[in-house]
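Participant: The listed protein sequences derive, respectively, from chains A and B. In terms of the numbering used here, the first sequence has 202 at position 202, counting the first letter as 1, and numbering is strictly consecutive. In terms of the numbering used here, the second sequence has 273 at position 273, counting the first letter as 1, and numbering is strictly consecutive.
Be aware that a few hints might be false.
Here are the simulated DSBU-like pairs of lysine-lysine, each with C-alpha atoms no more than 35 Å apart in a straight line [stated by the list, open to error]:
#, chain 1, residue 1, chain 2, residue 2
1, B, 351, B, 228
2, B, 179, A, 202
3, B, 179, A, 237
4, A, 114, B, 323
5, B, 130, B, 351
6, A, 116, B, 179
7, A, 237, B, 228
8, B, 228, A, 114
9, A, 202, A, 268
10, A, 237, A, 33
11, A, 202, B, 228
Simulated from the structure, these hints should not be mistaken for lab results.
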Amino acid sequence: MAARRTTKKPNVSKEELLGYYRDMLMIRRFEEKAGQLYGMGLIGGFCHLYIGQEAVVVGLEAATEEGDKRITSYRDHGHMLACGMDPKGVMAELTGREGGYSKGKGGSMHMFSKEKHFYGGHGIVAAQVPLGAGLAFADKYNENGRVTFTYFGDGAANQGQVYETFNMAALWDLPVIFVIENNQYAMGTAQQRSTSSQDIYKRGEAFGIAGEEVDGMDVLAVKQASEKAVAHCRAGKGPYILEVKTYRYRGHSMSDPAKYRTREEVQKMREERDPIEAVRQLLLTGNHASEDELKAIDKEIKDVVNDAAEFSKQSPEPALEELWTDIYADA
Amino acid sequence: MATEVLMPALSPTMEEGTLAKWMVAEGDAVSSGDILAEIETDKATMEFEAVDEGIVGKILIPAGTEGVKVNTPIAIIVEEGEDANAAVAAPAPVATETAAPVAAAPSSAPAAPVASVTVEPDFPEGTEMKTTTVREALRDAMAEEMTRNESVYLMGEEVAEYQGAYKISQGLLDQFGPKRVIDTPITEHGFAGIAVGSAFGGLRPIVEFMTFNFAMQAIDQIINSAAKTLYMSGGQMGCPIVFRGPNGAAARVGAQHSQDYAAWYAQIPGLKVVMPYCASDAKGLLKSAIRDPNPVIFLENEILYGRTFEVPVLDDYTVPFGKARIWREGTDVTIVSFGIGMQYALEAADKLAQDGISAEVIDLRTLRPIDYDTVLASVMKTNRCVTVEEGWPVGSIGNHLSAYIMENAFDYLDAPVINCTGKDVPMPYAANLEKLALLTTDEVIAAVKSVTYR
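Next up, chain B with everything else stripped away, as it sits in the complex (with noise of 0.2 Å):
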């Protein structure tokens, strides 16, 4: 009986990979254990094991084929005198075609936005534009203000030898070497002090967080000794840190590395927040960071680093902050959201216009400052606003800008502003429960169902 080998998940958020190399061949008998491959994923490389045993009766993928879907299959494995041809037939063509890179997300996760408009650009029209994902924008942005700035270095763990553990800090250490790409050792709280001392003496330190679950061993460092000390010293004293890393809800991770800090960090005076949500503003923003005179808590998503949108082709392209994004215009109602929570908010606007609801949509893109007049200015137009984030309820910046929107602009709302969160529970493992946790489209419609009373 022949049996199909399919491309592997890898990690919590891999949806394809590049297959490198084939540690077996066509004939070759294996048994359950035995490495197959080697698989490329976004963060690694991995070797991928035999689970059955059998021979190797036909390889579908050949090695170096590049964005190979996870559940492809890649090779069968037959039994003893058994024919791999006749029994392949029938899937092998299939799995041919979806060798080739293909742009689009799987169905189970949301789709990326590709009709949207961005309104306001942030470069002039005409600017030459040129894919990007938001990983290598990222890498991009700090390897440019490295070039600029001798100050600059980056510090985390596995960030130099290992490239990163998400792989944003590719090639640093070959172009800067180990002086100012540092790995440090498993000691969160320990490394976040050094990078604030260093910073009071002078340096411009990025910190990579292998996720921001961990920076809660290291916030008294950040919230007590970067964010305060400026003001303690009567302004003597300023702290020119980047925090960042990945932020809030990646897949199947489980309660302790799926949290979103956005509004933990937006409390706190003394600190920038920035929460980007494409690739340019990823590029932009974190470019303005690393020459902000000030500690920025500078927030990625997993789920968002393999994505790819356009980025502007500038030598020196930044994005202020304080300054949201228009990236959709409409009349019937404001959606308001950062970081992920775009993703829902852009496919609800798509799906709104279908049922003839004109929504426009702000990405903040900076959460300290917030650019409250342009969310204002959208709510005195449109008279009624949704918020979108994928963090807790409670205390959450959808809460904040509603009371700021009551405040400011009480006597132009035509409804109460309605916040989409994640759910009031610690994050699941099982992917139904992780499912409903999560903020989805459909709620963020049915909010602005709610608020227009459709």
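Just chain A, with the same shape it has in the complex (with noise of 0.2 Å):
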């Protein structure tokens, strides 16, 4: 884990504490009931799970407003569920259904919400960071005082339309907070064999966008950078660069034989910085909560994830006549 910037622990209320664990628990059982679906043959296709990286979406999260926007790449469930999404929809619409948030016509890459302000699920990579930029600009046309959450991965760093985008991001002020969640490896690349410099979150510096390195396993850390990041933007003094180094457990798709790294690399991320484990720690030693009541809510969030599931089966498959519409908007 190469994140060791220390931030100061700010004093963190009980119910806030709760909050992440819920949400970040949320995420986590939600994937891997998402992985057996898949691995029963129910979800298709490409399945990227964000186990691991709860605590980057959820610590974002904390920090935003209504009417703030997000816009992220394929692994995008954990998004979803952080911004308030229904689970049931999620789940409906990896398999295919009817009752998913795009009616089982997007699937797990392509999902959006517009009641929560979710602009997808982009399947070609960073191609949602233009597309982030482009959210910000409309906000600040409307001057709404809205901020972007565009999101990407180290692997899409890479992509010359980042930068592009960083330059008319600077150049225009525009209100974007890029999230670069750096999990260490582009599919199947680490990071030192794809990239010159390792420290993206100074790419932004050639535009003049301030940027700083987050640890992405703390979530009261990326909490308190987003927080940070979203008052420079809505200060009006232009884009933001956030960038978190996390860990994916699973592989890159439910494809993944994940050969590029070692078990015990893995193995160690689990033990020593899970990100739910350490706000489970600091429930507990604090004497926040009991066993029991982390416990119910384990239980409580199963429960959810068993609703979403057994939603995501029952849904019947789209109408056959779906395949016909929505594809133009009436004139």
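Combine the two chains into a complex, taking the hints into account.
Facilitator: And the structure:
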């Protein structure tokens, strides 16, 4: 784990900690269930799990306000759950059913919720980066004080359009936070094999964009960084970069044999840096919650996820007529 | 020895220009590299330098003269002691005559149609008409729609302060300000993505590509992000955006700047594709495009920008998508075209009429949706069809129409449909080769004669 930046632990309430615990655990259990359903053949195609990275999106969401926007890549289930989308609708989209957010027509990588200001779910690496800056462009145009969280990975950080976007976002002072989720592997290529300078957050310097590195396994550190970035954007100072150092426990997608790293490496990360376990320990050692209370939360979440899975199996496949709808909006 | 200074061509498609300002006076000595005059083309004001040294003997075209044809003598350079008046006695009268604006195109370029008849007009009979260039029509359409809807903005390279690389956005910055008329860096992939994102965020961008050749850098955002999101979101999130700019061959700009993308974009479900020929359609269709809630590819043509047509003087003139225009009724053959292909189609029809062949000429105007009904009805009447387009032959719009006609009107056909297209080669630079690569009116005439067995 490369992130070493130490952040002063803020005073944090029991409710806040429990909220993070709940949100992160929801993502993890949801993803585990998705993995199971994939194994059962109920989810097809590509399915990219977020397990291990939960603190990133939960910490960032902690600083958002109603109306703020978010957009990300294809590893998007965590982002959707963290911004309040219904696990049933997300899971049913994974199974390609009518009850899914896109009526089964989008799939794991292509989901949207206008209501929750979630703008996808994009399957082309880094395509969401200019799109996110465009959302921020619209907010600036409308002078509504909103901020857009544009997530992308360390792999996407090598795409040319990222730098085209940095340039224009800085030039036009767009209220966009570029969140680089650095999980250290671009599919199967370790960062040091793909990236000439390892500190990706510094790449904004050439454009005059402030950036910082954040420990992505520490939800409180992420939240603190998010607050700072949001304040920067809302003050009209233009874009901000957060390179959040994280780790994905699972493969790139369900079909990844993960031969590019050792089992020991993954195991070490899980044992020593797990973001959910860290909050669990804070809750227990601070006497904010008892083992039994946490168990009750675990059970509650398990039920929600099981319900989502059940819904995703029971929801019918889309009607055949759906093939021909939603190609054009009515003029 | 006196030498004539000729009106220079300062852009690939320039046919005439304005002699804005003389930087020298009669009697001044000049040497090679000195700026003689400022010439305004349809795109920009350019400085024009002397090539030879000598004395400005006579200025033939006064400053401020508009419509000066390329290659018109504009001044005489004489040697020391030479009598300018004597030296210019012969050429001078010819030169001054050409100073007046002339509508006709030079003989090297195909003439704009004159005798064509519009059937099924898009506006009531007796509507007041105004002679307008395609360029002005496009600008007016944008200005009207930007006035109508605050969410509409224009973004692109050189659209604001430079007034448009092809002067399409002339005056818009002054009228709407820098918030809504935005110069971008040269970064097509990035700004196309930003514009698409802003459309997701509720705005209605018009993206100008300096030419569609450069839009290949942005094609992922156009297709994967703009065209597919409505479907992928189950109808939640549309992308109201117009991508516009010149498409197809200009003149002598070589392979990378001379390509017709009509068939490429027409293939994509989720996009609408518009390719106007005349100014009234350019205006009416662009206004419809800006109002459309879907991504629209609007393919213009540099050579057509300066052509003039009659445009109806109406407060809010729009042309619907998916409705072809019959320019000329006929009985012997149906010629289907769109965009600049129309000039070959119409010219061929005029010439064929002299040979007693009556051609019906259809302008598709939009390629997605395509007005199949109008094409089929015409083919069922004439029993023969020739398609005309500037793009490459493989996978062309003509190929698609041929298949459609075969499937739906096979028994009506008295001859195979012929597709007239550009040649299956990258565009060469050499003038003679370029001419060969491009579609010609003669090829259209030959195709029609072939399907009519004449």
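Participant: Do the alpha carbons of residue 237 (chain A) and residue 33 (chain A) lie within 35 Å of each other, as the hint requires?
Facilitator: 41 Å, violated
Participant: Holds or violated: residue 116 (chain A) and residue 179 (chain B), Cα atoms, limit 35 Å.
Facilitator: 28 Å, holds
Participant: Would the pair residue 130 (chain B) and residue 351 (chain B) pass a check requiring their Cα atoms to be no farther apart than 35 Å?
Facilitator: Measuring from Cα to Cα gives roughly 28 Å; hence the hint holds.
Participant: Between the alpha carbons of residue 202 (chain A) and residue 228 (chain B), is the straight-line distance 35 Å or under?
Facilitator: 34 Å, holds
Participant: So if I understand the rule, the pair passes when the alpha-carbon distance is 35 Å or less; does residue 228 (chain B) with residue 114 (chain A) pass?
Facilitator: Holds, because 16 Å separates the two Cα atoms, which is no more than 35 Å.
Participant: Can the restraint linking residue 179 (chain B) and residue 202 (chain A) be considered satisfied, given a maximum Cα separation of 35 Å?
Facilitator: Satisfied, since the Cα-Cα distance of roughly 30 Å is no more than 35 Å.
Participant: Does the structure keep residue 202 (chain A) and residue 268 (chain A) at a Cα separation of 35 Å or less?
Facilitator: 28 Å, holds
Participant: Is the straight-line distance between the alpha-carbon of residue 237 (chain A) and that of residue 228 (chain B) 35 Å or less?
Facilitator: 33 Å, holds
Participant: Straight-line Cα separation of residue 351 (chain B) and residue 228 (chain B) no greater than 35 Å?
Facilitator: 44 Å, violated
Participant: Starting from residue 179 (chain B), check that the Cα of residue 237 (chain A) is at most 35 Å away, please.
Facilitator: Roughly 17 Å separates the two Cα atoms, so the pair holds.
Participant: For the pair we were handed, residue 114 (chain A) and residue 323 (chain B), check the Cα-Cα distance against 35 Å.
Facilitator: 33 Å, holds
Consistency with the previously given hints fails for numbers 1, 10, ordered from lowest to highest.
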